[in-house]
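A.B. asks: Protein chains in written order, with the numbering used here: chain A, 1 to 344; chain B, 1001 to 1344.
Please keep in mind that the hints were generated in silico from the structure rather than gathered at the bench.
There may be inaccurate statements among the hints.
What the simulated footprint calls covered on chain B by chain A, stretch by stretch (three residues with Cβ under 8 Å from a Cβ of chain A suffice, anywhere in the stretch; the number is not a length) [stated by the list, open to error]: (1) 1258–1265; (2) 1274–1287; (3) 1298–1305.
Stretch-level coverage of chain B by chain A, calculated; a stretch enters the list once three of its residues show a Cβ under 8 Å from a Cβ in chain A [stated by the list, open to error]: (4) 1083–1090; (5) 1246–1254.
Chain B is faced by these chain A residues, among others (derived, beta-carbon under 10 Å) [to be verified]: (6) R127; (7) T128; (8) T216; (9) S247; (10) V248; (11) T282; (12) D313; (13) T314.
Glycine residues also receive a C-beta, built at the ideal position from the N, C-alpha and C atoms.
There are 2 protein chains.
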Amino acid sequence: MLNVDALERNLRRMADDCRAAGVALRPHTKTHKSPWVARRQLRLGAAGVCAAKVGEAEVLVQAGIEDVLITTDLVPATMERALDLAGLARVTVVLDSVAMARELGARAGRRGVELDVLLDLHVGQQRTGVDPGPAAVAVATAIAEAPGLRLAGLQAYEGHCQLVPDPEEQRRRAFASYELMAAGRREIEAAGLRLPWVTTAGTGTYRLAIEHGMATEVQPGSYVVMDTQYARVRPARFENALFVLSSVVSTNREGRAVVDAGWKALSSDGGAPAVRDRPEATYEFAGDEHGRVQGLGAVGAGERVWLVPSHCDTTINLHDGYVLVGDDGRVVGTLPVAARGRSA
Amino acid sequence: MLNVDALERNLRRMADDCRAAGVALRPHTKTHKSPWVARRQLRLGAAGVCAAKVGEAEVLVQAGIEDVLITTDLVPATMERALDLAGLARVTVVLDSVAMARELGARAGRRGVELDVLLDLHVGQQRTGVDPGPAAVAVATAIAEAPGLRLAGLQAYEGHCQLVPDPEEQRRRAFASYELMAAGRREIEAAGLRLPWVTTAGTGTYRLAIEHGMATEVQPGSYVVMDTQYARVRPARFENALFVLSSVVSTNREGRAVVDAGWKALSSDGGAPAVRDRPEATYEFAGDEHGRVQGLGAVGAGERVWLVPSHCDTTINLHDGYVLVGDDGRVVGTLPVAARGRSA
């Protein structure tokens, strides 16, 4: 269930925040996986959108989205598909190694395609990205020198800072990442290269990135619908818009309801879901297709329980579609999760 | 990736074990979610198949599978769909409350449909099922008396015993469940009702259920492809047939590879996946679309890493299809995960 009124308010708030700060907004579509939502984000002023994988970008571009940044580094198995897309839309990619820069450059050159490339810089997440310093300068140089590739800037995502609960600790860690980003940029520009585009940040940190001032663009995703993990982190500027509607299938124990939503309907990587409007109720996973809910009081089999996902991205990825409702709970339509499962 | 040679050996071994024991085999399709695999199980002698939800049963029946037991208790929102299916195939359902027995009976009676129903008996899993004793007798009586419903037997699933690591402890707990099942059956039969069909057990316990001798039927699912959780539990009679093929996307740290498979390609409810043929390598989730693998030695970006899921059911449910390979690794075809996401 997706509350489209709450969605619309979230989209506007983020667009307003970025416009007021003079920072470009490039929302990450890995959360909602819907070209329809992406199009609304663009109409509200987004500079473009992000896709996590080439498979997600294919769905977006084929639906008519015209400016997509693929935020995971390409490998040979995905390069030709990315180059195919570059014939249909403005597609930007990220790279973190000299070898892959040479490989992509050779392939782009052979096909006569010109592609914007961001250097993927590591600023503390322990995931992808080359470290600032000579290694980063070498990769930037390889991108700039490769036929068919244009070095357009830096991606330096501080994903490890998104869910830090303490605001001061979060600020300290995020700023440490932005300083690494700034240092990396200085070293590369000292080598005679230009990096006009600097992209980072998610829902948990976009305000910190704006405050720091180094990034030209932020790429938040989860703000569109939120979840219980993000609700615990500032900014609490966005509303929960996403629910999984479950049914009580058994009331065989006093004080406990068994519902028909388990690991296959709700992701568990962020912990258990919450029950909407019932903070005293607790949900516990009970297998692929079941959960146990305590603290609902008297309920009967067949009653509906609205669950609030702990992690929106991975829960949405379990479903083929959304049922769209308004603030008043009335169903206003349905929408496919068009890029569901596009992990390659 | 699904190794169809290993799959075929697993299907045959389970069929042989059940045939030798004189116990009916009704494999659970919630693992593989494929009517093609279900059909092979039936050709090898299975009495029918199980589906977890009405949505899964719809996919199976519409694909031509003729005998399906839906193992989750029906609620009003799913009853009409189940009755629709009963016009197309032999559909059996489970119930654990007097109220739902009356509700389903009234609906079946109005439509002139006759339906086999199993009493869902609770034997220790703390999920669905009515407790043995007067409550179970009352539900069984309500089923037997409802127009359109035929009381056909008991479902008493000991799901809490499937992954108990110590074999003696597992045997003790499973037998305690079978004794509850036997006691519940005696009490109901003492009330003048007959329960010829008794179904229970999964991949972790089917041998124990056979040894106990009370069940007429077992319903294992995971044996078809196995996973790292089940590989740790006896019987180790089945081969791993399922892999997620990932690519190294970054080698920015000595001794560590970042691969392009995270929570959206591999379920985490059963822990981290293993690396095929590399017991010394360890995988750690690094977000929606990434994982960190230590201990691979020297690898380059673009190299393939075969991962072994920790929990097959929930990992298969993340994917739209299988790539089928033989023992020799050659691709022999593709197969949709037809019932993916059918959680209602």
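A.B. asks: Against chain B, with CB atoms and a cut of 10 Å, does the hint on T128/A hold up?
C.D. replies: 4 Å, holds
A.B. asks: Between the stretch 1274–1287 of chain B and chain A, see if three or more residues pass the 8 Å beta-carbon test, and mark the coverage as holds or violated.
C.D. replies: Holds, because 3 residues of the stretch 1274–1287 of chain B bring their Cβ atoms closer than 8 Å to Cβ atoms of chain A.
A.B. asks: Minimum Cβ distance from S247/A to chain B below 10 Å?
C.D. replies: 5 Å, holds
A.B. asks: Using 10 Å as the Cβ threshold, decide whether D313/A counts as touching chain B.
C.D. replies: 5 Å, holds
A.B. asks: Confirm or reject the coverage of the stretch 1298–1305 of chain B by chain A under the rule of 3 or more residues with a beta carbon closer than 8 Å to the chain's beta carbons.
C.D. replies: holds (count 3)
A.B. asks: Do three or more residues of the stretch 1083–1090 of chain B come closer than 8 Å to chain A, measuring C-beta to C-beta?
C.D. replies: Not satisfied, violated; 0 residues make the cut.
A.B. asks: With a cut-off of 8 Å between beta carbons, are at least three residues of the stretch 1246–1254 of chain B near chain A?
C.D. replies: It holds, with 7 qualifying residues against the three required.
A.B. asks: Verify this for me: three or more residues of the stretch 1258–1265 of chain B with a beta carbon less than 8 Å from a beta carbon of chain A.
C.D. replies: Result for this restraint: holds, n = 7.
A.B. asks: Please verify that hint: V248/A, Cβ, nearest Cβ of chain B, below 10 Å or not.
C.D. replies: 7 Å, holds
A.B. asks: Is the interface hint satisfied for R127/A? The criterion is a beta-carbon contact with chain B at less than 10 Å.
C.D. replies: 5 Å, holds
A.B. asks: Would you settle whether the hint for T216/A is holds or violated, based on the nearest Cβ-Cβ distance to chain B being less than 10 Å?
C.D. replies: Since chain B brings no Cβ nearer than about 24 Å to T216/A, farther than 10 Å, the hint is violated.
A.B. asks: Interface hint check: T282/A, Cβ to nearest Cβ on chain B, cutoff 10 Å. Holds or violated?
C.D. replies: 14 Å, violated
Violation of the numbered hints given earlier is confined to hints 4, 8 and 11; the remaining hints are satisfied by the structure.
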